[in-house]
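Student: Okay, here's what each chain looks like letter by letter:
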Amino acid sequence: MSRKSTIPSIQLGDYIVIQRQKYTKLQKFGSLDASATLGKEHLELKSLLDQPYGSTFKMCVKESKAGKRGAQRQHTLELVSENELRSIRDVLNISSSGADNRDIRDNGEAQALKSEDIEQLREACNESSKIIEKLVENSKTFHTRTEYSQDKYLLKKEKKYFEFVQIRQPTIRLMADIFHRQDAEKIMGIRVDTLSQIISYSGVSGFGSYLLYESGTNGLLPAAMLNSIGADTDATLVHMHPGNVPQKQALLALKLPLEQQQRCISVNLYSVLREFYQGDKVDATIPTAAEDDATQTDNNMTTEEQTDEVEPTTKKLKLDQSPNCKQFVYAKLPLRWQLENKRASALMHQKFDNLVVAAKEHPSNIVQALLPLVKPSRPIVIFSTCKELLQETYMELKASGKVTNLHVTSNWLRTYQILPNRTHPEVNMNGNSGYLLTGYTLS
Amino acid sequence: MSRKSTIPSIQLGDYIVIQRQKYTKLQKFGSLDASATLGKEHLELKSLLDQPYGSTFKMCVKESKAGKRGAQRQHTLELVSENELRSIRDVLNISSSGADNRDIRDNGEAQALKSEDIEQLREACNESSKIIEKLVENSKTFHTRTEYSQDKYLLKKEKKYFEFVQIRQPTIRLMADIFHRQDAEKIMGIRVDTLSQIISYSGVSGFGSYLLYESGTNGLLPAAMLNSIGADTDATLVHMHPGNVPQKQALLALKLPLEQQQRCISVNLYSVLREFYQGDKVDATIPTAAEDDATQTDNNMTTEEQTDEVEPTTKKLKLDQSPNCKQFVYAKLPLRWQLENKRASALMHQKFDNLVVAAKEHPSNIVQALLPLVKPSRPIVIFSTCKELLQETYMELKASGKVTNLHVTSNWLRTYQILPNRTHPEVNMNGNSGYLLTGYTLS
Amino acid sequence: MSFLKPKTHIEQGDVVILYLSVNSMHAIEAVPTIVNKKGETIVNIFQTPYGSLKVQNIIGVEYGSRVELSKGYAHVLQPNPELWTQTLPHRTQIIYTPDISMILHQLEVRPGAVVVESGTGSGSLSHYFLRALKPTGRLHTFDFHEARAEQAREEFQRHGLGDFVTVYHRDVCNLGFTSELDGVADAVFLDLPAPDLAVPHAFKALKLSGGRFCSFSPCIEQSQRCINVLTQLGFNEICSMEVLQQESIIKTRTMPVIDLEFLKAPKDAAAEPNSNEDTKTKEPKEIKKYLTSSHPQLLPGHTGFLTFATLPPNIPKA
Amino acid sequence: MSFLKPKTHIEQGDVVILYLSVNSMHAIEAVPTIVNKKGETIVNIFQTPYGSLKVQNIIGVEYGSRVELSKGYAHVLQPNPELWTQTLPHRTQIIYTPDISMILHQLEVRPGAVVVESGTGSGSLSHYFLRALKPTGRLHTFDFHEARAEQAREEFQRHGLGDFVTVYHRDVCNLGFTSELDGVADAVFLDLPAPDLAVPHAFKALKLSGGRFCSFSPCIEQSQRCINVLTQLGFNEICSMEVLQQESIIKTRTMPVIDLEFLKAPKDAAAEPNSNEDTKTKEPKEIKKYLTSSHPQLLPGHTGFLTFATLPPNIPKA
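Residue numbers (UniProt numbering), protein chains in the order written: chain C, 1 to 443; chain E, 1 to 443; chain V, 1 to 318; chain L, 1 to 318.
Isolated chain C, as found in the complex:
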């Protein structure tokens, strides 16, 4: 209903997902000079402006520089029509395939083209299909390979020379994939199936007031919850974190309406708990936001994009943080974090409709501190990569009698290759879903 059927266009300041075949990357389109790097290829992004999301662009070589590990190529991007995207296989029109590989001896000389020839070809031809065609023509063994082996060869080459990228709008689904593939540790190893179950079990939706503690997921977890809360609803999220500033990349990338963004209140765990318990007594004197310097290092922002998230006030605060002037700085006007603490504290007094904890720390004390803030008959979901910690927390909760229907679960996720005569589960799988402890509060 509220979702527009027209396709939004790419704007400056947007986070975009660049997709080349199965590879995807999250990138900020910060300025017209911005460029993105995909392996050895550098892409100038300026031509993306105002084009609709979902469009495909052709990488056109502008210049090629010798780099440490082979040529670094600079590309411009040209919008292409859907029709140009014929399958590479149709182009090459392969029909004859050897029955098996009994006559192949692997002597490394199956390709007649030398690497210099290939590099030249690459400069000359702009289309991967042409390059691959040449490679196949000059392969002594291609036509004697099995179809399976031919496909493998083509896929490998296609991957290397494929010259199209698609620009997509970030969604939770796309970002969860990217983050997990690029550096799963930065999102605490929360795998797609686990993320999806955190959302289900926590019951987060367009109605209610929700509570999340997470010790660092690039903003993925608050973004996923806020995404489920939706635009034009009344629900709210209090997002507690242990650092000086919340990690918000995924939240910003979603480009949610302002009213929706404002319903996610990000606060420091220590600071907000002090506000909640001690109220006005503390907030003018105690430098709460800088309090947990030890935790801060765990949550250092490491990518360029993340520095954008630091709110100006907080940034300044960090710079002024010498022991002597602390009191001075904080005694001034109420800062943004102080206002957020007050908003959060008000919601804490009204109690929440769920509790989600995804902690690098032992969850036990955190759950003990936050559980009193949850209404009865509400779901709690605790994520940890370490089952041993959840086991202890399970035993404590069970003994407390405050939570029922306790379960500790994990998942297998098996993806399948489904192709004619070549159907099988994927050869590799990820072994770590992490663990969830779920239950319902009692009064």
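I should point out that these hints are in silico values taken from the structure, not numbers from a laboratory.
Glycine included, C-beta positions come from ideal geometry on N, C-alpha and C.
Any given hint could be a false lead.
[As the list claims (entries may be wrong)] SDA-like cross-link-like pairs, simulated, lysine to any residue; straight-line CA separation at most 25 Å:
id: 1; chain 1: C; residue 1: K398; chain 2: V; residue 2: K289
id: 2; chain 1: C; residue 1: K402; chain 2: V; residue 2: A265
id: 3; chain 1: E; residue 1: K46; chain 2: E; residue 2: P8
id: 4; chain 1: V; residue 1: K264; chain 2: E; residue 2: L335
id: 5; chain 1: L; residue 1: K5; chain 2: E; residue 2: L256
[To be verified] To give an idea of the chain V side of the interface with chain E (calculated C-beta under 8 Å), a few residues:
id: 6; residue: P89
id: 7; residue: E221
id: 8; residue: T254
id: 9; residue: L260
id: 10; residue: L263
id: 11; residue: T292
id: 12; residue: L298
id: 13; residue: L299
[What the hints assert, rightly or not] Some chain L residues near chain C, calculated using beta-carbon distances under 10 Å:
id: 14; residue: C219
id: 15; residue: E261
id: 16; residue: Y290
id: 17; residue: T292
Once you have looked at the hints, place chains E, V and L on chain C.
Tutor: Okay, now just chains E, V and L, sitting in the frame of chain C:
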């Protein structure tokens, strides 16, 4: 080479595997009066004598008695030819199948035959195919069901009325299945994949001297190892156990040649270690075999078959076991267990070519006690149902530097239904493979 | 009406989850009286293994409270799709939370989304779709079985979800999703014996700006045929998977630890005459406690194959 | 000759496993000199990341010993099929211990068994078959690739296993297992792209008293076709499965435990002036150690489908 190509015949005293469709059972054919129970059916075994293993027999109703949970039927068994075993599906010749089940309302009245009718039918017809044919004829919904649903119905009915059994010779494969299905705890939950890997990783084969400690697997583990040691080889197995008498059912069921049986030396763990360390000093005075009364309860024999395993001397010994006469009994001639202790002790002094431990107890102390008895560069395999215990043992062994290439592993075993248009992994799977800790000794 | 939003107290007419234990919970309706088979209005008494509950007594009670049964007690919980899925009357095989969670995530369902579902079945998945898309989205759910469609429609109404859902009795494989739904859907979900027949209809129902597709099939051949049609119609990001949830059973186990060191040295000669003392030293066992985790013997080995795909924007729908 | 039986000391010509770490081991031949590319006889030096090993020095050494490298040390282990599978020169994709163990178990291979295998491949499985069936059984192993068959034959000889194996270079799908093998096999194993073509030959090779069959296939369609033929020929107990081994990584993890209780009460006023003291109380964290187990990020997700079947006794072979 040494295996006979002729099919052995069923003899009195044999353990036999009775198979009815997918159900299998291990049974001792102890006398001509012996009978076996399959659910509500009682089978008289006498007609099996001298028939070749692998034969199929028809269950012929002799009499039917009212029992607590429906009729108990007594059957004789009649040898049938292979030709009689047409598939139940061919017999019924089902062809028309409904496209889906949209018109079916489940009101419990789909079957026109009443249960009394069916019981009568069952008395009258000896053939399951006839009974099922009648049931299908009188089903109002069968022909409107999908083929999938029809098959399910037929399979269910077929299972209930199937009147054939096959008699097979026990093998490790068949017994591992039976034991695990009937009561996995009695074989410490050792699943087929785990059993197969214990054999592989332990390297047990026709050459060498092997050491096993197990705290109760119905004889399955020593039987599997002795099976891999083979007939007409020189290899030996010392089988240590914590009880008064070894569990030997699976060993006896294999019906191995005597020379092979004698190369499995079963000894009490405590008793043989004392013999090994203290030699002649102890064996005339200390009632070692009865020593570990506490453990004995864990290893109580519960099935009728198992009582057969108790060696006469040991049995006697047990009866005489009142505190007062202990010393008296043991001071007599060397008993069988004393001779076995001496044989085992001699092999212990020569050291072993592997170590396999499958303990209900914490494996750590057992491994520490037995590891010095293993030659360097030899595999060790430790099984436990409790990963936490193996974790500790892993850490201890790692710290000791005495074992290298340490790995803790477990398995998923997925079985598949592969049928035209109905291929999928089985809907249920067993969640517990147990855990293996493997490594190689160093000098 | 207890499915619409979080609430604190049981009102008359609410569906309530009576939670007895992990393996025993029941969805009951909070009404003081019911009509029995003879047409008489009688007091609503609910029987449990821990005795009976006079349902009238729970009206007005806070959700999450303990309520007394004649021979024990239970807790009353507000229903939600997870609890409902575990207690609902099965009219068909249903899909459970692990698969459903992945379906919602992959279909990118959020408030405002328009979702087309076939078949409705027992409404297990529908309740999840509704929680995720309300209050601004809409679910169009189809079943070819008339009674099932009718039951589902009544149920949604009773659960306070009627405003966000349209239930259709229709054979979508042959007749499609109705022309009114052409180009309106953000996501289409199929749980049909022949999903390949409905894929072209899904293609039509998805927005011109693109959308997401999912088919759930128990057998691999259904997925194979479905993927065939998806490929022909220009869907991409085609991906099949299985999600299998495993429970961990947490308990403290006591494990025997045996001592074997004492066997290396002869027994203390002094102790020998005292045979009682002797017997005691013969049990060199201690017990250690371990907090352990293990899987249940029986795990779900297979539920179904989930096939997901994207319809890219601007594919002409001929 | 180091594969025949357990031995204690390295003899010249033995294959020896040089064990550097869990992820680094090498099968080397214990010979003092080798012939280089120029045809010159030179001293046999083996290079490792921990420096070089003069191979001559390990001859006569006890298996299981530590040997010094120029920049570290390694252990020498006697090879066996498990270690060989991890170090052998790959001539084809190979099958690993978890699948192989199941194959040996299901095929009921024990000393005395006659086993027919196709294809030989890199000989990984063959070494397991040979360990299980020697000294009284025999392996007949077939490969359609001449060079591979020849390499395998030489390898078995070098490993001291030549007496128990016959290696054939032959296209078994088209030509079968030779008539000499009709009715001699206790078990047949197929690892072929089209196992269905070889099933009738397996049928012939199995003993009239019956036997066991196994086919290993990466793709489900191969298993489906194979099962079709097995069914037609009267095989029973047909059963397909996957075995997936998972490693557990055991380590002690230090986990931060944070204290939040102190936030409930205002800070001790006495401590406030001392700002150093203050800073310290601001880090209410302790570290606790846990012995934990986790899985590696990347696990084997699929190796192949194992299809097993029994040929019952006395099936006429036409």
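Student: Taking the hints in turn, state whether each one holds.
Tutor: Each hint tested on the structure:
Distance hint between K398(C) and K289(V) is fulfilled; the C-alpha atoms sit about 18 Å from each other, no more than 25 Å. For the hint linking K402(C) to A265(V), the alpha-carbon distance of about 54 Å lies beyond 25 Å, and the restraint is violated. For a cut-off of 25 Å, the pair hint linking K46(E) to P8(E) stands: about 17 Å separates their Cα positions. Distance check on the hinted pair: K264(V) and L335(E) sit about 22 Å apart at the alpha-carbon level, within 25 Å; holds.
Between K5(L) and L256(E) the CA atoms are separated by roughly 23 Å; this keeps the pair inside 25 Å, and the hint holds. Annotation: interface hint on P89(V) violated; nearest CB of chain E at approximately 12 Å, more than 8 Å. Of the supplied interface hints, the one on E221(V) holds, with its beta-carbon coming within about 5 Å of a beta-carbon of chain E, less than 8 Å. Evaluation of the T254(V) hint against chain E yields a violated restraint, the C-beta minimum of about 11 Å exceeding 8 Å.
A distance limit of 8 Å between C-beta atoms decides the matter here; for L260(V) the minimum to chain E is near 4 Å, and the interface restraint holds. Taken as an interface hint, L263(V) checks out: its beta carbon lies about 4 Å from the nearest beta carbon of chain E, inside 8 Å. Given the 8 Å rule on beta carbons, the hint for T292(V) holds: about 5 Å separates it from the nearest Cβ of chain E. Evaluation of the L298(V) hint against chain E yields a held restraint, the C-beta minimum of about 5 Å falling below 8 Å.
For L299(V), the interface hint holds, the least distance from its beta-carbon to any beta-carbon of chain E being 4 Å, beneath 8 Å. Hint on C219(L) holds. Least Cβ distance to chain C is approximately 5 Å, under the 10 Å limit. A distance limit of 10 Å between C-beta atoms decides the matter here; for E261(L) the minimum to chain C is near 8 Å, and the interface restraint holds. Hint status for Y290(L): holds, given a least beta-carbon distance of 5 Å to chain C, under 10 Å.
At about 5 Å, the closest approach between the beta carbon of T292(L) and any beta carbon in chain C falls short of 10 Å, and the interface hint on this residue holds.
In this structure, the earlier hints numbered 2, 6 and 8 are contradicted, and the remaining ones agree with it.
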